[in-house]
Every structure is written in structure tokens, then in C-alpha cells.
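Participant: What follows is each chain in one-letter form.
Protein chains: 4
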Amino acid sequence: MTLLERYHAVRGHTVALTQPLSDEDCGAQSMPDASPVKWHLAHTTWFFETFILERFEAGFQPFHPAFRVLFNSYYNGVGDKHPRPQRGLLTRPSMTEVRAYRQNVDARMARLLAQPDAELDGLVTLGLQHEQQHQELIVTDVKHLLAQNPLQPAYTERPPVAAEPAGALEWLAFDGGLTEIGYPGGDFCFDNELPRHRVHLAPYALASRLATNGDYLAFIDAGGYADPALWLAEGWDKVRAEGWSHPLYWRREDDGQWTEFTLHGRRRLDLNAPVAHVSLYEADAYAHWCGARLPTEAEWEVAAAQPGLRQMFGAGWQWTSSSYAPYPGFKPAPGAIGEYNGKFMVNQYVLRGSSAATPDGHARASYRNFFPAHARWQLTGIRLAR
Amino acid sequence: MTLLERYHAVRGHTVALTQPLSDEDCGAQSMPDASPVKWHLAHTTWFFETFILERFEAGFQPFHPAFRVLFNSYYNGVGDKHPRPQRGLLTRPSMTEVRAYRQNVDARMARLLAQPDAELDGLVTLGLQHEQQHQELIVTDVKHLLAQNPLQPAYTERPPVAAEPAGALEWLAFDGGLTEIGYPGGDFCFDNELPRHRVHLAPYALASRLATNGDYLAFIDAGGYADPALWLAEGWDKVRAEGWSHPLYWRREDDGQWTEFTLHGRRRLDLNAPVAHVSLYEADAYAHWCGARLPTEAEWEVAAAQPGLRQMFGAGWQWTSSSYAPYPGFKPAPGAIGEYNGKFMVNQYVLRGSSAATPDGHARASYRNFFPAHARWQLTGIRLAR
Amino acid sequence: MTLLERYHAVRGHTVALTQPLSDEDCGAQSMPDASPVKWHLAHTTWFFETFILERFEAGFQPFHPAFRVLFNSYYNGVGDKHPRPQRGLLTRPSMTEVRAYRQNVDARMARLLAQPDAELDGLVTLGLQHEQQHQELIVTDVKHLLAQNPLQPAYTERPPVAAEPAGALEWLAFDGGLTEIGYPGGDFCFDNELPRHRVHLAPYALASRLATNGDYLAFIDAGGYADPALWLAEGWDKVRAEGWSHPLYWRREDDGQWTEFTLHGRRRLDLNAPVAHVSLYEADAYAHWCGARLPTEAEWEVAAAQPGLRQMFGAGWQWTSSSYAPYPGFKPAPGAIGEYNGKFMVNQYVLRGSSAATPDGHARASYRNFFPAHARWQLTGIRLAR
Amino acid sequence: MTLLERYHAVRGHTVALTQPLSDEDCGAQSMPDASPVKWHLAHTTWFFETFILERFEAGFQPFHPAFRVLFNSYYNGVGDKHPRPQRGLLTRPSMTEVRAYRQNVDARMARLLAQPDAELDGLVTLGLQHEQQHQELIVTDVKHLLAQNPLQPAYTERPPVAAEPAGALEWLAFDGGLTEIGYPGGDFCFDNELPRHRVHLAPYALASRLATNGDYLAFIDAGGYADPALWLAEGWDKVRAEGWSHPLYWRREDDGQWTEFTLHGRRRLDLNAPVAHVSLYEADAYAHWCGARLPTEAEWEVAAAQPGLRQMFGAGWQWTSSSYAPYPGFKPAPGAIGEYNGKFMVNQYVLRGSSAATPDGHARASYRNFFPAHARWQLTGIRLAR
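Residue numbers (UniProt numbering), protein chains in the order written: chain A, 1 to 386; chain B, 1 to 386; chain C, 1 to 386; chain D, 1 to 386.
Treat the hints as calculated values from the structure; they're not laboratory data.
Values in this document were obtained by computation on a predicted structure and should not be read as measured data.
C-beta: ideal position from N, C-alpha, C; glycine also.
Treat the hints with caution; some may be incorrect.
[As the list claims (entries may be wrong)] Okay, the calculated bits of chain B under chain A, using three or more residues with CB under 8 Å as the criterion:
(1) 27-37
(2) 65-73
(3) 77-88
(4) 93-99
(5) 310-321
(6) 356-365
[As the list claims (entries may be wrong)] Each pair of labels, with its calculated beta carbon distance range:
(7) C:Q103 x D:D221: 15 to 23 Å
(8) C:Q19 x B:G243: 40 to 48 Å
(9) C:T259 x A:P150: 36 to 44 Å
(10) B:G314 x A:F60: 49 to 57 Å
(11) D:A16 x C:Q86: 49 to 57 Å
(12) C:R251 x D:H197: 50 to 58 Å
(13) A:P85 x C:D121: 56 to 64 Å
(14) D:L3 x A:H374: 40 to 48 Å
(15) A:A226 x C:P32: 43 to 51 Å
(16) B:M31 x A:F60: 33 to 41 Å
(17) C:F190 x B:A305: 31 to 39 Å
(18) C:R158 x A:H374: 50 to 58 Å
(19) D:Q86 x C:P20: 16 to 24 Å
(20) A:V15 x D:A229: 27 to 35 Å
[Claimed, not checked] Below, in silico cross-link-like pairs of lysine-lysine (PhoX-like), each with a Cα-Cα straight-line distance of 20 Å or less:
(21) B:K81 x C:K238
(22) A:K238 x D:K81
(23) B:K238 x C:K331
(24) A:K81 x D:K238
Sequences are here, hints too, so could you generate the full structure?
Facilitator: This is how it looks when you write it as C-alpha cells:
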């Protein structure tokens, strides 16, 4: 696949994700942490326009002069930004205009990509990886929006597929010792995966599979949400302040049965499926209750190179106990694009693996996703360590 | 005009107000105090379905069982309500479905209105008056939404009309004495206008016209927003906490000129037009600075029966110093519909007159509009008294 | 009694109120609405120093240059103010220093009062009335502070006196008609009681006595706090947001008995005593439940001139439905002292009568106390009207 | 020194710290993060009573039954806790009673310590180390309280000592490699310093001394607080939301000179002294501006074993980039006392070294202090790494 082909494939996939949605669905913002789908469509386009066309296109003219501010997410080096919590108020530009914006930028990018240029190619690849990250956010943000609606509408009409029996949880042991983590090279990685460097690990074991809804239900039934001894102090404060008693989208119905809001609407809880939409606090308390702990990101990455572990990718992001921090010798890119990762390296925790909403080919063993400890609207689950 | 003709006229006008708006525009909610246009369209329909069809229609079936909750504004007697700040998250039902809801209810109402029934007629009249109130809210809520958009889009493509020269402000004197206020009877009024009752007024004078933007600009230029001696204590706290230095939609541009966001987009400030979008706090401070005061609602209503005052209706709602309270002997209607007015009679202030957004024939001399002292997104202006 | 004698009597009474309290008790502030006792002691002294000594004393020197700011409550005309919520952080000056401040100002005031001067006398009288208002606040603020303490300490060691049987509630009817309210002259009044002016009242009736704890308990037992139909909308929001289910200091003990925190510590609820520490919202809901309403301030004042009503003074402040507003022709004093009353005339409701904490001789029939509708830490009770 | 002698020495030092303070000073709480001195005095005593006397004393009776709840800080295993933000409202028990509480517990502890018992000795040592931690908090909490007072009172009458010239900052290089951190054994350590374990470090360098006020002033003068490119995103949000433009207690006076609030009152800024009262955000931005970074806790600890670094102890706590996390194999103690450290291991950052307020002999190379990234009221400073 040429880069141009890849460009069209990725960009097309973003638009395909919006197919089941009305323009009204695409405009709403359910909370400050989430963005409207329309905003994702525009912002990913803005990324190409601002970081590539503005630099490489002869006689560059912006598609619309106001978009530079409207669709800037957090790049202070680019200038002003529309306030994040007010993205849902941008009923103009309309979806029609945003689609035209995408087509315009796509056409200009296609012209540019006709000429090979190593630096351009690197930025386009980054732009496509960036767009793939937003593809996952489109899914999780729309899910959060629809979940707020008392009608509990489905995102997709496709019928859900029941999870296979999870099987017994086994423990796989690893020797640890002096080893290496970080991207080993070969293709693309984000700056936060570099440099590859040595770490020393004590011997450890990881669970062969993720914790299931059934596993987590046992924790709930055992009073997990009522016992402060299991919780980080900050997590316990959150449990009480927010009244948490189950994962984000679960509900105990009047008949005592548990349901979960899914992309297929509200459904009977699938006990074999990996538990999702739990915060780090919940993951940690569950691990504590199991007499286990969460893995470090290094333990996870080193184990990923070895056989035997299931559900490493595609089954759910896996909380680690590792705070999101720069690797020794980390160097962000110069200029505004250097704001991509480094400035978020505080009070966030690393998640490893990938979820069902992660685009194919996007994740890898060295990939570092990150969210605050309280975040629950992502597809975040639990792999135990000890 | 028959009641059915009136029904169609009012209902049709609501829909006509949405003509310049996209479905995206109709779904967004710019703040908890405002509602999406789509919600207004559905709620006014819900009013007819819940308070009339449910009672008078044989074999009543709701259009959609969830709408009873989704589009209940504040009637505890009807049951649960969707939380007000989350009205903007209801991307479903779509505008298309809400339009179908309106058509369905309109057809059923037309059948019902074929049979004369005095009680039914009274409720339909109330429903139409209620809908007219929401017509004004549609305009002010959309204005607020569009004002948040950095693109500052216009609601209407019609060109604005410049205000005529305001002319000198004159004082008209009134004798006061023992007099009466409240609806004198004849046609329709809301329960809060009754009973008509005696009040005693000291002699007073009212300004012949509303304060203009030019008048108010003089207050600003004289440092009105910087002098606590002019302000109610609560108003001064607000000025400092919110950084108020001008009416809601004004802006001083880089060239020093003042502009105002209007339904025609952002425009050069029209110095002859009545000042609008000021809170009671600002109205009171301005009056204080003029060596005057705000009228009481009784002073306003008594004066309205006499010749000589201009801009009593259609030029802007006029803050009074009267707290919104029940008239002596006030009786709300029994049942849920009695929640219409009475339960709001605390910490609100009465506004008299009407604005350019008030539907024709809706207001009258005894009409009591009311908003909290800090509200600024309505078309609220100032008539001085002394 | 000469003015100087009155001065010493009032000032001495303030100090006497602090006798049961430690210096630690006097320094704490239990909420932004309440002030530390030490602050009350200093502020009332500041009033004499700032508004009287500074103007009348030859060669005036402030006792401490920082006190002008530290102990200014809300007089913008005097200049800066220490932020109200941080009054409890002023561990310096110490109580010892504040006592010295009082003695110093008292000595200087005594010298000044040796010379008769009408204007001076008027201001001293105002200062003493002001100090009496703070005497009541000292009691209610200390009560609130001690109530927060799990030890539930008593303010006074004197044993409580049980209320006499309340007797049946009777309705006294009044004709209304054209009448007058406002201070009729003779001695001292606050500016907000003037000018005396005519009002017209419809015929009405007032309850012969205040609602008792027993009366109010019946409202609770009947589910009063669970029925939105009884409440003003804003009151109902408060009930749910704050979880109100009884007056401020009541508690239902494990044995099902009700207790109330009092100045004598926590005590079994006295069913004959007037209910206290209810908000306007609760007073209004209770009245609604009784098929009655709250009186207007004019109704209360006119009735106070007639025989037959009990507990008009000394038994509890009585909420009225009257918003605190200027009387027709109201004129505040010029200068900073004019901030005393007028600037609070918004979003507050008038209370009439007086409480057990009101100093002897302070209140009168035309007296207008005022608090926001949600306030509960004052000795606020209920007299019904209809 | 016997354990009993050590007990008396440490307990006596706590009381000595309160010598310059009035009872009023000891009762106030300046913010939820800080506690009143009186509360510290009582809580440290509660620790001995609850974890030692209750278990080891024959016929144990609590000094006061309510103190178990009142002075419990955060031990859920012990039961209920008085809410932290309301510690300043506990005017009872008085300082006199709390002093009696200390003497009572001291006498009982002395009787107990007459009998040697290894388990008891371990708990007493922990209790004394705990008390030393609170000694530092007494100083920083009182400093914060006095800093809020416009009178800017001094804690101590002793004159301040000017810092010696800081000298040029030099870089000391370390090889890294496979090494060990964690308490090596010998005497006492907290559970969070264990187990000692291997880590691999890349080569690195540390600054020979801490950043001075003069160094930091250059960062301010260069516009450090105005350039988002230097800041972590969360730090920049804080800078703007809180209006930060200098360390917590600095102030630029009208004459342009900088002062700092100190235990000696407000003083001219000492340019040679280590900068203190900066958040992790500020430390990180300063390091960024210097082209450097903050050390990890492992880099700091390994370097501490080597010669050449100055101001490692006693000059200020030193922010590291290490999130506070369990060491591999970390095991908290069983029961309530296991809540001491482990449950705080999220969203906190490790500080190394010690400050002028740290009691002699309390800190060591493996000691792990920790605070949230935004905390500024501790004596927190900056050592650069690269």
C-alpha cells in the first residue's frame, strides 16, 4: 500500500464510523472530556492542514480562516484554541461544511503526496496515526453520548456477538532480570515509546487473560465497593463522592439482573466478556481483592514478547500501575508538534494493549496509551499481576 | 378566527421560527437556563398531549411512551423529568421524529377541536399562550447559542433596521392614590394576573421611553461598572465575580468601537435602540446613577392605562423592583397545571411590557413576566421611575 | 439613662455574652455566613472608631492602622475589606488585644460623649443599635459553631426552661383597607423603616401564636419533606440537593426520638416551643400544607397594633412573604453609612417580630429584619396567615 | 538513649514547637490540606493511645471516648473520622484539655515502656517517627496560617540568618548501570522504603546544589510563567486558573522589590537561599527552561551515596519526576496501621532529602516523602538533573 493509499484508507474509515449517526448525533458533546464527532472529523483534518499543508503546499490558503482556532485541540504553539467544554456549541460549521473541509484537504493532500518527500511522509504517517487515535475516541465518545440518552439508542444495528467462555485464569511466570523496553525500530512509533532502554525487573507473573464481567461481578457481590481497605484513598473518596457501585455502563434492573449499555444498546451483561469501563481505582481495588496487583508497563511489555498470554490486543486497554513518565533520554519533536505527548506526562497512568475500538494495525507491544486514574469512559479493563 | 384556526396559526408560527435553523442548530443547549429549539418544539407539543389529549381523547395512546418524561419541563405532578442541563444530549429523537410528533398531535387536536367544549377550549387557549411563551424563548435561546460561536452566525438573513432617533427622555407624572391592578377580565390571562385588587400608590413619574444603548454607554463611560456605591451588594459581587463591564452581547472592538451580537450577526451598536440584555442589577445601578429608580409593577401597570408613554410594548421587557409574589387571594389551578406559575414566586423579579420577540397579541398591561435578578439572556431593558 | 450610660450598658452586654466562651471558641468561623465572636467584638468597635471617632475626635489616631481593613464588614465607602470567609483565620489580633481595643475605644467614646452634640448622639445611637444586632448574631453564630462539634457542647450551664403548653391555634381576623406602615416616629428607627406610608390591605387573618415544634413534627410525619407539590420550586431543589428532612438542628436518634441542638446542648425536642431554624422555603411549605400562607410584612405590622396576637416579640423571627424592598420614598443616609441597609434590598425576605436572642428594647412593630430564603441558622419561625 | 528517653525527647519537642503560639493560633485551620496545631498535638497522641495503649495496656480505658473519632486522621480500619475540612471548628476540647490528654498518654506510655517488648518497641518507634512527620507539618501548617493574616505575624522572634553565597552550580556525573535502592537495613525505615531492590539507570548528572531564589527569579524575569511551552499541560492550566506568577509566599512590593513570607514574618527575598514553596509543575517548568529535568528518585538515592553533592538534607525537599508507587514486592503491615503509606500511592510525586523543618535524625537517603504535584505549602525545592 502506498502512503497515499494508506491515507485514503484511514481517512475513509473515519467517515465510515459516522455512517450510523445523524448530523444531530455528530454535534453533541456529552461531557468536557469527550468531543463531538463533528469536532473529531474537523480536528483530524486540521492536523493535516496545519502541520502539513501550511508548510509544504505552495501558496497555502486556509480552507477557512477561523478553523485554525476552532479545531486546535491543545497546541499552544499554534495559537488560540476554542474552549474544550464548548465544542458542542459549534452548530456551525455544519456537518456538510465539515465534510467539504475533509474533501478539500484530502484533495490537496493527494496532490502533495504525488511527490515523494521523506519529511512529508513522516508527518503524514504521524497524521494518520493521530487520526486512528481519534477513531477510537469517536467510538468511545459516541458511546458515552448515547448512554446519557434515556432511550438508550444503539450505535449499530449489527447484532452483538456473545463472548466465548473465558476459561480458567492461569498465571504465567516471567524471570525478569535486566531487559529492555521501548520501540525496537522498524516502522512507526510515537515519541513517547523512545528511546528503547534497559530496565531491571524482579520475577513476576501475569494472568493469562483479562478479568471478565463475571469475575468482576464476584467482587461486587463480595462487597468490594463497600470496603475501604481494598481501595486507594483517592479511589475510595471517588467511590463515595460519585456513588460508584459498578462499572460505568452497568445497571442492576428491577428484576435483579445486570445489564450493560453497549454499542448495540442496553444488553444483558455478558459474563464472559472482559470487564470494561473501569477506572484505575477500580482495577486496583479488584486486584487487591484478588490478592494480586496491576502490572507495571515494563512487565507487560516484556511479557508481550513471550508466548502464552491471551487478550493482549483487541480485548481491552489494560491499566498498569505505571505513571505516564518520559523514558530516560526522551526528546519531544521541536515546535508545536512536540506538544503531542510530553506535556501530558503527569498524573496519568499507562494503559497497554488495545481494544475492540482500536483500528487494525494501530497498536503494538511498546504502545503507551494513558488516561487519568479516574477515567471510565474508555474501553479500560484489567489484567492481574503478582 | 376559530380556536382551531388560532391553534394552527400559533403552532405554525413556532415551526416557522425554526426555518433559518439546521437540525444541528436545533439540538444544542448553550447553558442550563436555555433549552434546545428541538426541546421547545417537543415540550410545547407534550403540553397538548399530556394536559389535553390524555384527558379528552378517547382511547388515548401516547405518541411515544418515553416522551412523557423526556419533555416534561417541571411538572412534578406529571412525574419524572429528564434533567434540564442534559436537554442538549437528546440527539434522539431526531428533529424529523419531533416534527412527526408535532404533526401527530396537531391532527389529533384538530379532531378534538371539532367538538365544542368549554373546558377543553380553556386548556387549549392556555396551551397556545404557553406555546407563545416558548416562541420567545426559542428566539432568546438560539440567540444565546449563536452568540457563543466564534463565527458569530446570523439567525436571519433579513437586513437589520436601524432604530429611529430616540428623542429626549421626558418624565410623565402620575398621581397614585388608591387604584387597582390585575387582569380586568374579558379574554385570557394567566393565573398570576389575578385577582384584580386594590393597591395604594404614592405620586410618581415614569420616563417617557426606555433607556437607549447610547444612554447606557454614558453610564459605562462614566465608570458605572467600577463604582460599588451604585450597586446592590449582590450585583456588585456579580460584577466582580463574572467580570461584567457591559451588557451581555456587547464587545468593544480593537478600534475602540462598540458592537453587539444580534439576530443579524455582530453589528455596530445602534445608539438609538433600547438597551437590552441587562440584569436587574445593571438596571438598578443605571437607575441609581441617573438619580432615579426602577418602577414597581403596580406603577407600571397603572401608568400603562394612561396616554403619553412610549415603548410600553414590543421594545423590550422592563425590569421592575417588584419581587414576583402572589396577588392577595391568588389561587393556582388544581393538579399539575397549577405548577405553571405559583411555585416560582420566590427570588424572581417582575418584568412588564414585551419585546420584539414576543408574539403579536401575547402581552397586555397586566402581564407579569419574571426572571431572576442576574438573568441577562432575555430581551430585558430599563424604564426609569422616580 | 443618659446616652453614655446606655453606651456602657450595651457595650458591656456584648462582652457579657462572651463570658461562657474560651478564646478558642471566639476565634472560629463555622461557615462564610457566620463570623467569629472575636470578629463581632472588633467590628462593632470599628464602627464607633470609624464612623464616630474618626470624625469627631480631635487629633484622631487609629488604635491600629490595619484594623480599618480587618474589621470592615461591607462598607465599600470605607475602602478595602478582609475577605469574609477568612475571618476565622485572624488568630491575630488575639482576644486580649481585641479586648484592649474595646476598652480604648470605650474610653475615647466616653470623653466624646461628655459634650452634647445632636449629630454625634444620632450616630452613637445607630452604633448601639448596630451593636445590638451583632449581639444576636453572636448568639446564633456561636450556636452554629458549637452545633458542628461532635461533642455538642452547651453554650450555657443554666438549665433550659420548658415551654408552656402552646394552646390551640386561633385565627384573628383583620379588616384591612387603607392603612399605614413604617415607623411612626418618637425615638429611633433604621432607615429601612421609613418613610411611613399608606398601603391597602385585603381582609386577612393571622394565627394567634407561632407554629410549634409539635405542629411542625406533624408536617414531617405527614411526609412534608417528600411532597414537591407543597414546595416552591427553588425550595424543593434545596430539599433534594441538601437532603433536608427537618429543621437545621433537629436529629432523629436511634431510639426514634427527636432531639434538637440548643444553647444548652443537645436536648429532647420541646414540642410546645415555637419551631425555629427553618428557611423561608420550609415556612412556606408548612403553610401550604396547613392550607394557609405566610403573612405579608404589612399585614403583620398592622396586626401588631391590635390586641389578641401572642408571641409577636421574643418568641422567634417570623418569615413574611415580602421581599425586602425600599419603601416608597426611601432615602439612605449619604456616605458610607448609607450602605447600612439599602444595598441589600434584593433576594432577601423580611422577618418580623424578634427572638429570644434579640436584646431587650431592640425590636418594635415596624422593625424589618431580613435574610435570604434559604437561611436557617437564625432563630426563624412561622406565623400563619390566610 | 533508651526508647523511653527518646519518647520523651520527641514528645517534648512537639510541645516546644507550640511555645510561640497562642491557643487561638493553635485552633485555626487555614485550608483543608492543613490541620490546626491542636489537632496535630491530639492526633499524634491518639496514635499512641489507639495503636499501642489499646493493645498493650491492661484494663485499657480511653482518655475520652469521643477522641477515637475526633482525632483519627484517615485510618478506616479504626472506624469513623471527623471530616478533615472541619478540624478547625473543634474549639472543644480546648488546648488545656489536649495538653492534659498528652500528659495522660505520656504517663501511661512511660509505665508501659518500663517493660521491654520487641513488638511494642517497634510500634513506639513508628509512633515517634510519625510524630516527627507531624512536627514538620506543624511548622508548615502554621506558616500557611500566619501567611493568610494581613498582619503577617512572625512565628519566631529569633532573627533570620542570611543564606551563604550559593556558589556556582556544578554538574556531577554518575555512571548509572545496575544498582540498588531502598532501605539497606540497620535501624528504622517506613514500609514504603522496602524492599531494597535492583534498578537500572542510564548515565546521568545532578546539580551540585539546589536552585536558589536568585536562580528562580531569573526564570520569572525571563517570562517563565507566561510561556506555555515550558509547562506540563496540567501545570499551565493551574498557572492560569490560579493566577500563579511566583512561588507561594513571594510578593512583589510597590517599590518593585521581592519579599517572601517566612517564619520571621515578611522579609526581603534572600537570593542565596534555596527556592521553596514551589509545586512540581513549577519545578518541572523551571528545569525545562534550564534545558534540564528533574531527577528520578532512584537517581537521587544512588547519588546520595556518593560524595560531592551539597544540600542533600536540611535545605529543602527536592521534587523528583517519580510517581509515588510501591517498590517491587512492597508489603504494607496488616490491619489499620497498614493504611499508613500504601493507600496513598497514586497521583502523588516523591520528594527526597529534607528541609529545615525536618527534625534532626528523621530523614535518610532512602526516605520517600510525597505530595500531589500542585502542593506548594511544604518546603519544596528544586535540584536539577540531566
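Participant: Does each hint hold? Answer for all of them.
Facilitator: Hints and how they fare:
no., hint, verdict
1, 27-37, "holds (count 3)"
2, 65-73, "holds (count 3)"
3, 77-88, "holds (count 3)"
4, 93-99, "holds (count 3)"
5, 310-321, "violated (count 0)"
6, 356-365, "violated (count 0)"
7, C:Q103 x D:D221: 15 to 23 Å, "49 Å, violated"
8, C:Q19 x B:G243: 40 to 48 Å, "46 Å, holds"
9, C:T259 x A:P150: 36 to 44 Å, "42 Å, holds"
10, B:G314 x A:F60: 49 to 57 Å, "50 Å, holds"
11, D:A16 x C:Q86: 49 to 57 Å, "29 Å, violated"
12, C:R251 x D:H197: 50 to 58 Å, "53 Å, holds"
13, A:P85 x C:D121: 56 to 64 Å, "58 Å, holds"
14, D:L3 x A:H374: 40 to 48 Å, "43 Å, holds"
15, A:A226 x C:P32: 43 to 51 Å, "34 Å, violated"
16, B:M31 x A:F60: 33 to 41 Å, "38 Å, holds"
17, C:F190 x B:A305: 31 to 39 Å, "36 Å, holds"
18, C:R158 x A:H374: 50 to 58 Å, "52 Å, holds"
19, D:Q86 x C:P20: 16 to 24 Å, "22 Å, holds"
20, A:V15 x D:A229: 27 to 35 Å, "34 Å, holds"
21, B:K81 x C:K238, "17 Å, holds"
22, A:K238 x D:K81, "17 Å, holds"
23, B:K238 x C:K331, "24 Å, violated"
24, A:K81 x D:K238, "17 Å, holds"
When each numbered hint is compared with the structure, violations occur for hints 5, 6, 7, 11, 15, 23.
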